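Enquirer: Sequence:
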Amino acid sequence: MKKILWEYLNDKSVKIEPNSVIVSDLGIDSYEFTDIICSLEEEYDIDIEEKDFKKFRTIQDILTYLESHVK
Numbered sequence: 012m013k014k015i016l017w018e019y020l021n022d023k024s025v026k027i028e029p030n031s032v033i034v035s036d037l038g039i040d041s042y043e044f045t046d047i048i049c050s051l052e053e054e055y056d057i058d059i060e061e062k063d064f065k066k067f068r069t070i071q072d073i074l075t076y077l078e079s080h081v082k
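Residues in the sequence shown are numbered consecutively from 12, following our numbering.
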């Protein structure tokens, strides 16, 4: 997942932590966030419903989701 996030980070000096807030800490905008979700779906061969996007505030939120949905 870090590899995917690195592709979208504008500031490469930012440290990615589980508690990093995606928008404010990592500086990722809504378009980049959507691209990240699409990349995760492709990488992990899953479908992430749009209603679940709103649950992803931190990196840990995404990790928790992936842990419960990736086989």
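Heads up, some of the hints might be wrong.
Heads up, simulated DSS-like pairs for lysine-lysine below, C-alpha to C-alpha not over 25 Å straight-line [said to hold, decoys possible]:
1. K82 <-> K26
2. K82 <-> K62
3. K26 <-> K13
4. K82 <-> K65
5. K13 <-> K66
6. K26 <-> K14
7. K13 <-> K62
8. K65 <-> K13
9. K13 <-> K23
10. K62 <-> K23
11. K82 <-> K66
12. K14 <-> K66
13. K82 <-> K23
What the hints contain is simulated information worked out from the structure, not anything from laboratory work.
What you are looking at is a predicted structure, and each value in this text was computed from that prediction instead of being measured.
Enquirer: Hint by hint, where does the structure go against what was stated? Just the numbers, ascending.
Expert: The structure breaks hints 1, 10 and 13; every other hint is satisfied.
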